[in-house]
Amino acid sequence: EVHLVQSGAEVKKPGESLKISCKASGYTFTGHWIGWVRQMPGKGVQWIGIIYPGDSDIRYNPSMQGQVTISADTSITTAYLEWNSLKASDSAIYYCARQNAYSPFDSWGQGTLVTVSS
Amino acid sequence: DIQLTQSPSFLSASVGDRVTITCRASQGISTFLAWYQQKPGKAPKLLIYAASILQSGVPSGFSGGGSGTQFTLTINSLQPEDFATYYCQQVYSYPYTFGQGTQVEIK
Chain H
1 EVHLVQSGAE VKKPGESLKI SCKASGYTFT GHWIGWVRQM PGKGVQWIGI IYPGDSDIRY
61 NPSMQGQVTI SADTSITTAY LEWNSLKASD SAIYYCARQN AYSPFDSWGQ GTLVTVSS
Chain W
1 DIQLTQSPSF LSASVGDRVT ITCRASQGIS TFLAWYQQKP GKAPKLLIYA ASILQSGVPS
61 GFSGGGSGTQ FTLTINSLQP EDFATYYCQQ VYSYPYTFGQ GTQVEIK
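So the sequence lines, in the order shown, correspond to chains H and W. All residue numbers for the first sequence refer to this note's numbering, where the first residue is 1 and numbers rise by one. All residue numbers for the second sequence refer to this note's numbering, where the first residue is 1 and numbers rise by one.
Just so you know, these hints were derived from the structure itself, not from any lab. These figures come from a predicted structure and were not determined experimentally. Among the hints, erroneous ones may be present.
[What the hints assert, rightly or not] Beta-carbon label-pair distances, calculated as ranges:
#1 88/H x 12/W: 27 to 35 Å
#2 18/W x 10/H: 38 to 46 Å
#3 17/H x 27/W: 31 to 39 Å
#4 2/H x 30/W: 23 to 31 Å
#5 43/H x 26/W: 19 to 27 Å
[As the list claims (entries may be wrong)] Computed footprint of chain H on chain W; a stretch qualifies when at least three of its residues, placed anywhere within it, have a C-beta under 8 Å from a C-beta of chain H:
#6 31-41
#7 46-56
#8 88-100
[Claimed, not checked] Below are the DSBU-like pairs computed for lysine-lysine, each with C-alpha atoms no more than 35 Å apart in a straight line:
#9 23/H x 39/W
#10 19/H x 45/W
#11 42/W x 13/H
#12 13/H x 45/W
#13 43/H x 42/W
#14 43/H x 39/W
#15 39/W x 13/H
#16 13/H x 23/H
#17 45/W x 12/H
#18 87/H x 13/H
#19 45/W x 87/H
#20 23/H x 45/W
#21 42/W x 12/H
#22 45/W x 43/H
#23 23/H x 43/H
#24 42/W x 107/W
#25 87/H x 12/H
#26 19/H x 87/H
#27 19/H x 42/W
#28 12/H x 23/H
#29 43/H x 107/W
Glycine included, every Cβ here is placed at the ideal spot set by N, Cα and C.
Okay, chain H solo, but in the shape it has when bound (with noise of 0.2 Å):
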């Protein structure tokens, strides 16, 4: 059974740095995309961009990229969203998501809320 596990909530400060992750498990992890989508609050949700372990291809949204970095750990099977310097703006729920290519996220993560506030 596929499994994906995000880590804890963040509270951080304006200008500083995060990476969240997500450890998968269940499924072959350089064999499939992982994602990362947005949910501010109250809001809709939003594609920020894909990463292929296999190869570490990455695909960003261009509305977000530069914004933030994707990376993985094949050899810990666990995916990664990073932030240089953060903006209240990055106040959201972040999940993580498995795909395969010119599909859908079949498998999501619990979700990681980040609050950003001075």
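Keeping the supplied structure of chain H fixed, place chain W upon it in accordance with the hints.
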């Protein structure tokens, strides 16, 4: 980017009603469209992919249709557990955009 516009944004219905949600794409996406259900405090759940294929485990009361730029999600007989927010997503070209969502509430 491909824009997806859902209608309506909000829908009030009763248990047993048949409801249809529409998703319109800004350009043709063949059948590269999925539907998700999200309940408060939970991650979205995949319901339908390739426009009309029911994900394993999803009740048969859900159905999807369409191709090109116009798609529909139909719930044949609303059950109490179906009251949620529904999103469409295109997986035709990057970025894989979502619609703005349709909230289905109890009348």
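Outcome of the hint check:
Taken as a hint, the range 27 to 35 Å holds for the pair residue 88/H and residue 12/W, whose Cβ atoms sit roughly 34 Å apart. Separation of residue 18/W from residue 10/H is about 43 Å and conforms to the stated range, judged on CB atoms against 38 to 46 Å. A C-beta distance of roughly 38 Å is found between residue 17/H and residue 27/W, which places it inside the suggested range of 31 to 39 Å. Between residue 2/H and residue 30/W the beta carbon distance is about 27 Å. The supplied range of 23 to 31 Å therefore holds.
For the pair residue 43/H and residue 26/W, the beta carbons lie near 20 Å from each other, so the given range of 19 to 27 Å is met. With 4 residues having a beta carbon nearer than 8 Å to a beta carbon of chain H, the region 31-41 of chain W meets the requirement of three or more and the stated coverage holds. Requiring three or more residues with a Cβ within less than 8 Å of a Cβ of chain H, the coverage given for the region 46-56 of chain W holds, as 3 such residues are present. Requiring three or more residues with a Cβ within less than 8 Å of a Cβ of chain H, the coverage given for the region 88-100 of chain W holds, as 10 such residues are present.
At roughly 23 Å between alpha-carbon atoms, residue 23/H and residue 39/W fall within 35 Å of each other, so this suggested pair holds. With a CA separation close to 25 Å, the supplied pair residue 19/H and residue 45/W stays within the 35 Å bound. Of the supplied pair hints, the one linking residue 42/W and residue 13/H holds, its CA atoms being roughly 26 Å apart against a limit of 35 Å. With a C-alpha separation of about 32 Å, the suggested pair residue 13/H and residue 45/W falls inside the 35 Å cut-off, and the hint holds.
Proposed proximity of residue 43/H and residue 42/W is supported: the alpha carbons are some 14 Å apart, at most 35 Å. Distance hint between residue 43/H and residue 39/W is fulfilled; the C-alpha atoms sit about 13 Å from each other, no more than 35 Å. Between the alpha carbons of residue 39/W and residue 13/H the distance comes to roughly 29 Å, so the proposed pair stays at or under 35 Å and holds. Straight-line distance between C-alpha atoms of residue 13/H and residue 23/H comes to about 25 Å, which keeps the hinted pair within the 35 Å bound.
For the hint pairing residue 45/W with residue 12/H, the CA-to-CA distance comes to about 29 Å; that is within 35 Å, so the pair holds. Between the alpha carbons of residue 87/H and residue 13/H the distance comes to roughly 8 Å, so the proposed pair stays at or under 35 Å and holds. Pair hint residue 45/W plus residue 87/H holds up; C-alpha atoms about 29 Å apart against a cutoff of 35 Å. Distance hint between residue 23/H and residue 45/W is fulfilled; the C-alpha atoms sit about 19 Å from each other, no more than 35 Å.
With a C-alpha separation of about 23 Å, the suggested pair residue 42/W and residue 12/H falls inside the 35 Å cut-off, and the hint holds. For the given pair, residue 45/W sits about 17 Å from residue 43/H by alpha-carbon distance, which is consistent with the 35 Å threshold. Straight-line distance between C-alpha atoms of residue 23/H and residue 43/H comes to about 26 Å, which keeps the hinted pair within the 35 Å bound. Annotation: proposed proximity of residue 42/W to residue 107/W holds, straight-line Cα distance about 23 Å (limit 35 Å).
A hinted pair counts as satisfied when its Cα atoms are at most 35 Å apart, and residue 87/H with residue 12/H qualifies at roughly 9 Å. Of the supplied pair hints, the one linking residue 19/H and residue 87/H holds, its CA atoms being roughly 14 Å apart against a limit of 35 Å. For a cut-off of 35 Å, the pair hint linking residue 19/H to residue 42/W stands: about 22 Å separates their Cα positions. Pair hint residue 12/H plus residue 23/H holds up; C-alpha atoms about 22 Å apart against a cutoff of 35 Å.
Proximity of residue 43/H to residue 107/W is assessed by CA-CA distance (about 22 Å); at most 35 Å being required, the pair is judged to hold.
Consistency note: the structure conflicts with none of the earlier hints.
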